[in-house]
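Read top to bottom, the protein sequences are chains A and B. Counting from 1, one number per residue, gives the positions in the first sequence under the working numbering. Counting from 1001, one number per residue, gives the positions in the second sequence under the working numbering.
Derived by calculation from the structure, the hints in this document are not laboratory data. Here a beta-carbon is modelled for each residue, glycine too, at the ideal position from N, C-alpha and C. You may find that some hints are simply not true.
Quick list of simulated restraints, FRET-style, between CB atoms [as the list claims (entries may be wrong)]: (1) A:Glu26 with B:Gln1090: 36 to 42 Å; (2) B:Gly1080 with A:Arg297: 34 to 40 Å; (3) A:Arg53 with B:Met1094: 42 to 48 Å; (4) A:Trp314 with B:Ile1023: 49 to 55 Å.
These are the residues of each chain, in order.
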Amino acid sequence: MDEKTFGRAFCYIEEVMNRSRGFEGEVKVKFDNGGFDIRLCNDAFKKFGGGDRAKGVAIDGSSFKILDGLSFIISSRRVGYVVADEKGVIRKKIGDMEIDTLSKQGLKDDFKEKYGDLMDSVPPKIPDSMDEVNDAIRGLEEHVMAREAMETLGEGDVVMMDGSLEGNKFLSEIIKENCNIAVERGLHLVGICKRSDLYTNKLPVLAWVKKRGDSIFAKQRWYYPLSRERRVYIAKLHPFSKFSFRIDINPMEEDVEGILNKISAFSNDVSYMGYPYPLAEIHRDVVITSEDGLYCRKVLREMALKSGFTIDEWEDIFFDYHEYLG
Amino acid sequence: MSGKIYSLTIMSISGDKMLGRIIGKNSTEIVFRYPYGKNVKIGEILAAEDEENNSLFFLRVIDLQYGQEGSERWGLRAAGEMMMLDEMEQPYSMREKERRLFKIGVCAPLGYIHDGIFRKPKAIPSHFSKVRRADGGDYEFLKKDAGDIEIGRLRSGEREVDVVVGLAGKLIPYHIGIFATTGMGKSNLMRVFAASVMGNGKYGLLIIDPHGEYYEGGEGTKGLKHHPMAGSALVVYSPHHLSGPHNTLKISAYEITVGDVQNIFSFTDAQRDALYAMASRFGKEWLVKLCETESDELVNVFSDRIHSMTFNVLKRRAERIIESEIIHKDESVAATDTILGHLNKGKVVLVDTSGLYEYEELLVGVIIARKILTYNKNAYRNKEKFGKLPPVLITMEEAQRVLKGEGAFAQIAREGRKFKVGLCAITQQPKLVKEELLSQFNTFFILGLADEGDRNMIKSSAKQDISKIEKEIQTLEAGEALITYPGAPFAIPAKIYWYDDYIKKFRGTEKEGMKVDDGFY
């Protein structure tokens, strides 16, 4: 590689960094299902005091592709929730690991069927790839589990989903329904994103907001409204945290600061400072590790061999030359 | 260790009883995970219940480690956050600590019971076997080898287990080493050992006490004279007055041999030749003659073959011996034969040498030890007579002084087992003992050694593999010991009885008191 090759890449990085430095003005933020215009400016930052008492549920899921047969995949999923308050975990429900087969040919039907089973309706949109279908089904299962968890909560409690509420075209219906259920029950539904790719016009929005927020409200909790209408915020939940997160709040909610105060009551654990600890807990509980995936793969292969298939037959379908290359 | 059938109960353990589960490693090291909130100590003996194979494994904890769920980075980050918040004087909490953090115990497998038989650790417990603390009933297999000289109770870490630990008297001739730094409880161990020997009356025990700590006891502690059976089972010799019944320690100059003095002084070849010439010429009177005859006269006696300078040096040393308060020029005045008689009657003989010069103390020890060995060697020819002799144990403090090279004690170390004479070497510095001699010692009482060189010496000579329990040796506290001897299933951790408490068990067994100088002169 010559200097020119690196030079082209660095030019882009340089442009992004320069733009982040002193940017102030209008940008368009895009989601999967549309977007919105915002004006990034220092005046919109607000600080909040934080709370010390809260109760709620955190819901998360995990998926893992066990086998890739190119025209079909065998995937695994697991979802669960923890109910907790500011003192500690109260109870948990961790679902069994589900193993599903998704084929390219029957992809749309597979998704429709699954969606129908869970929602008793037709999906608003259908994903194009097997991986997207798998992720969308997991998202659906998380929101179905959220419904179940909401039945056990009391008024004023927080429902914390892992991920955004806004912008997922495949889940928009169930999220909308859950927002309604939450409001009916007096619960505060939020989606907290560990990562957000909100990015526009060569400007990493999250990085910009974090840097500005920390310089304006150093060692304090703050939040920044990306969209007041859609209740999409970026917030720093602990004064000494190094991280800030995108937090989507049920659009039907009014008291944004009150909800952020409650979430911050979960976010003072030194292990995950600035991140709600129940979400960290459930993430660890449901995660399907590569070891889990390898184990499932081994079980399926043994079943094939016991059924009379040969290793060659197995590898004809599942062998990936990347594995051979290492 | 085979042949005896032990009952094995695999219990369904849960809750408080259960400590953790085995996670793996190999045949020499077993690793288990246990909760953050539970405390396990180095040296604890644990039981792993292998339900799949119906076996009970015994594990000794040799190391403890930290464990955490998730990556190491999490711990580093959490500690960093804590430090930052400490600095900012901000409050913080850590939830679910019990789940995020745990501990890992590293164990040396000691053996296992399968089909009712205790076996060496030639198998490993099944994966994820439950681990719990071993309790009294699990140690049934140890009771067989507890021995008739009890010294304490089994110890698991810092916990005492209700299982008596001791030594079989038959091991006495195979020598005992007691290794401890100051303050680790060797005096208490010796007192307990003596008390136990006094209690059963089957073995002769000679204690040479250069510090005068055994008779009266120390500050706030009792001595051998307080043993309820002291009147009948203890005989005391001392060159000076003691508060209770005792005999005067006297040794006849005529019973001192050239070999004896070579144990306490060093001599050149010429001087050694002269000594043997004296002994050859004057027999048992050699020492007295050496003292009383002028050098020139001795030169004449040996027809100028020995230089007067040599005699001058030898005479000075001989005079030091003869002038000692414990040496008597009367041939009939000697305590050694009566000491021998008491030992052969299964009594504890305490020779208080406190206040004597080191050479005097060594001389006393050497002469008595030599006489015991010689007596038993002679008796060996007569099977009936020899058969009636009890094993005799000679205790020597700071034994590295007499086990560096050749001498009476080295001879006992090498030959004593055949003639029922054992040596109990007490030392803080086993590394100074000649390795070949230390290897003759079959029983070790290890009470804590700070020096690595000393520990290495012990490791290489012990009759059990103690290489894995170095940390336990380093962390032994006063009164705690590890006992190794051939036939023991493993190095046995013990808590030595506290002497003052132990002797209470002999109350009501008192016999008629000892008469002063009974049988003496």
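Hint check results:
1. Range check, Glu26 (chain A) to Gln1090 (chain B): Cβ separation about 38 Å, and the 36 to 42 Å hint holds.
2. Restraint check, Gly1080 (chain B) to Arg297 (chain A): a C-beta distance of roughly 37 Å satisfies the suggested window 34 to 40 Å.
3. At about 18 Å, the CB distance of Arg53 (chain A) to Met1094 (chain B) disagrees with the hint of 42 to 48 Å.
4. Under the hint 49 to 55 Å, the C-beta atoms of Trp314 (chain A) and Ile1023 (chain B), about 31 Å apart, miss the expected range.
Violated hints, listed in ascending order, are 3 and 4; each of the other numbered hints is respected by the structure.
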